[in-house]
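So the chains spell out like this:
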Amino acid sequence: MSYIPQPRTTMLGRDPSSVPLEDIDVSQAALFHSNTMWGFFDRLRKEDPIHYCKDSEFGPFWSVTKFDDIMAVEGNPEVFSSEPAISLQDPDEELNVSMFIAMDEPKHGDQRRTVQGAVAPRNLANMEELIRERAGAILDALPVGETFNWVEKVSVELTTQMLATLLDFPQENRHKLTYWSDVATQVPGPGSICATVSERNQILIGECVPAFMGMWMERAASEPRFDLISMMAHGEATKNMAQERPMEFLGNILLLIIGGNDTTRNSISGSVLFLNENPGEYAKLKANPDLITNMVPEIIRYQTPVIHMRRTATRDFSLKGKDIKKGDKVVMWYVSGNRDEEAIDRPYDFIIDREKPRHHLAFGFGIHRCMGNRLAEMQLRVVWEEILKRFDKIELAGDLVRANSNLVKGYTELPVRVQPL
Amino acid sequence: MSKITFVQHDGETQTLDVENGLSVMNAAVDNLIPGIDADCGGECNCATCHVYVDETWMPKVGLPGAMEEAIMSLNPERQSNSRLSCQIKVSDELDGLVVNLPEFQY
Ligand code: HEM
Ligand code: FES
Numbered sequence: 001m002s003y004i005p006q007p008r009t010t011m012l013g014r015d016p017s018s019v020p021l022e023d024i025d026v027s028q029a030a031l032f033h034s035n036t037m038w039g040f041f042d043r044l045r046k047e048d049p050i051h052y053c054k055d056s057e058f059g060p061f062w063s064v065t066k067f068d069d070i071m072a073v074e075g076n077p078e079v080f081s082s083e084p085a086i087s088l089q090d091p092d093e094e095l096n097v098s099m100f101i102a103m104d105e106p107k108h109g110d111q112r113r114t115v116q117g118a119v120a121p122r123n124l125a126n127m128e129e130l131i132r133e134r135a136g137a138i139l140d141a142l143p144v145g146e147t148f149n150w151v152e153k154v155s156v157e158l159t160t161q162m163l164a165t166l167l168d169f170p171q172e173n174r175h176k177l178t179y180w181s182d183v184a185t186q187v188p189g190p191g192s193i194c195a196t197v198s199e200r201n202q203i204l205i206g207e208c209v210p211a212f213m214g215m216w217m218e219r220a221a222s223e224p225r226f227d228l229i230s231m232m233a234h235g236e237a238t239k240n241m242a243q244e245r246p247m248e249f250l251g252n253i254l255l256l257i258i259g260g261n262d263t264t265r266n267s268i269s270g271s272v273l274f275l276n277e278n279p280g281e282y283a284k285l286k287a288n289p290d291l292i293t294n295m296v297p298e299i300i301r302y303q304t305p306v307i308h309m310r311r312t313a314t315r316d317f318s319l320k321g322k323d324i325k326k327g328d329k330v331v332m333w334y335v336s337g338n339r340d341e342e343a344i345d346r347p348y349d350f351i352i353d354r355e356k357p358r359h360h361l362a363f364g365f366g367i368h369r370c371m372g373n374r375l376a377e378m379q380l381r382v383v384w385e386e387i388l389k390r391f392d393k394i395e396l397a398g399d400l401v402r403a404n405s406n407l408v409k410g411y412t413e414l415p416v417r418v419q420p421l
Numbered sequence: 422m423s424k425i426t427f428v429q430h431d432g433e434t435q436t437l438d439v440e441n442g443l444s445v446m447n448a449a450v451d452n453l454i455p456g457i458d459a460d461c462g463g464e465c466n467c468a469t470c471h472v473y474v475d476e477t478w479m480p481k482v483g484l485p486g487a488m489e490e491a492i493m494s495l496n497p498e499r500q501s502n503s504r505l506s507c508q509i510k511v512s513d514e515l516d517g518l519v520v521n522l523p524e525f526q527y
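These protein sequence lines are chains B and Y, in that order. Every letter in the first sequence is one number past the one before it in the working numbering, and letter 258, counting from 1, is 258. In short: position in the second sequence from 1, add 421, done, that's the working numbering.
Watch out, some of these pointers could steer you wrong.
Stated by the list, open to error - Have a look at the derived ranges for each label pair, beta carbon to beta carbon:
#1 B/Glu47 - Y/Gly442: 29 to 37 Å
#2 Y/His430 - B/Gly145: 27 to 35 Å
#3 B/Glu341 - Y/Asn452: 47 to 55 Å
#4 B/Asp110 - Y/Gly517: 54 to 62 Å
#5 B/Ser222 - Y/Thr477: 39 to 47 Å
#6 Y/Asp431 - B/Pro246: 40 to 48 Å
Since the hints were derived computationally from the structure, they do not count as laboratory data. We treat Cβ as the ideally placed atom computed from N, Cα and C, and that holds for glycine.
Just need the whole structure built from these sequences, with the hints factored in.
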């Protein structure tokens, strides 16, 4: 029998305590768009931490909501596979790109090892000055006395420049990177960046692949350098990839662009919001800029830019007494685990001098733990060091708009005004 | 109590008296020894507590378990004497253990 979608209970606007437990469906993007998912997750953590949703837009799925249980799933990749997909949405049959984030061992490790070195802290130290200069130039150009969208003018600009630096991609074409990332991540349709699937595929296959293929050829023919493309073009497990497995090549490039795009962007935006919501913390920061290093992981926890990652059970498995069947979708809700009071003290408070601030789930854990985590932290640190040198305050000056997604937790608009020192 | 010595990447050395039963990672974190991040808090799930065990101690410390091996194998700086310090339990047998810290954690 084919799967016939039924009219479902909408969670939006409902009091979390009024919905029968078995009808709770936390996969609805509207909850995140409206920032009203918290109560649903609080209830699941308390009453049914490993929860079965029998019907959703994405079919049935399990929700893992507590910190320690998420860690246990991450730590058991033989049972909880990253194939065929790592989000609730199943892979797109039309565009069969493969990324190592969605592969199991041994392929995942073989590919990750070849690029991991590019983001080694030693390498990041070399890139830091360049990133600092570029961040400074962006901040110096901000319109003082005007209200503007921080997301567009700062967060997007900074992350795009950083990605171009990392890939040694021509700076003048850097906006292509964000564009391709958006093309690859947004579901095509009316009002989306691409109206149709074929338009999207045309852009990725017709524009993105040739551009990177050209860079690849050039890097392969030159001495090894420290950008990610060069490292892949010379790496043992990856050097034949572009010619022999072009969809895998596209996948890895997209993974690096996507991985470092929305996530860092939304953390930069979130940091401005959180400091406005917590003037006491803002004052603490200004009195003691050394707190930046400690604040950065707290920003990332508090934001949790990746809402969930999904696994698929490779066999029947009992998780805390719940019988998960082979083939079931198992969703780790990082956003919920990062508000788990049993793992994090006062989880709903943004505390820039929190003890052990890196004890959070925003980068995941286990073998797929974010490869860019030190890079992301470095960027946020540099941005705040440069902000504090220039501005007395970044002040929220209007209503923000949140992303309409159950995967990317972020902002499309954050109107602000800047006050110079 | 057993003595554990931490050698920083720049050669600086610190020796601690550690209660048996604790992990080498616990000892470092509790005593603010720099260079061990331990983001996951000892769950063998982050590999940011990586150390190089002094070669002469390897037979006593032993080889990594399967999970530890899986996560450590992703580290390009991994060597034959690499271990995750949260997985090394301090005991009388390890009294005098020397571990070297890597230049950085991933
Ligand atoms: C605040 C910023 C970021 C956040 C919150 C974040 C979050 C994540 C998460 C949750 C995962 C999956 C972890 C898991 O399944 O256990 C991941 C994987 C990954 N991230 Fe990030 N990320 C960030 C920045 C970056 C940057 C800047 C890069 C660029 C190099 C990057 C590259 C990757 C890659 C390549 C993977 C796949 C790792 C694997 O499967 O082995 N990320 N990230
Ligand atoms: S502390 Fe995370 S692996 Fe040891």
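Starting from the hint 27 to 35 Å, judge whether the C-beta atoms of Y/His430 and B/Gly145 obey it.
-> Distance hint for Y/His430, B/Gly145 is violated at roughly 48 Å.
Starting from the range 54 to 62 Å, see whether the pair B/Asp110 and Y/Gly517 falls in it by beta-carbon distance.
-> 38 Å, violated
Look at the Cβ atoms of B/Ser222 and Y/Thr477 and judge whether their distance stays inside 39 to 47 Å.
-> At 43 Å between Cβs, range holds.
Whether the CB-CB distance between Y/Asp431 and B/Pro246 falls inside 40 to 48 Å | 45 Å, holds
Falls inside 47 to 55 Å, the C-beta gap from B/Glu341 to Y/Asn452?
-> 28 Å, violated
Given a hinted range of 29 to 37 Å, is it respected by the beta-carbon distance of B/Glu47 and Y/Gly442?
-> 36 Å, holds
Against the hints set out earlier in the document, violations occur for numbers 2, 3, 4.
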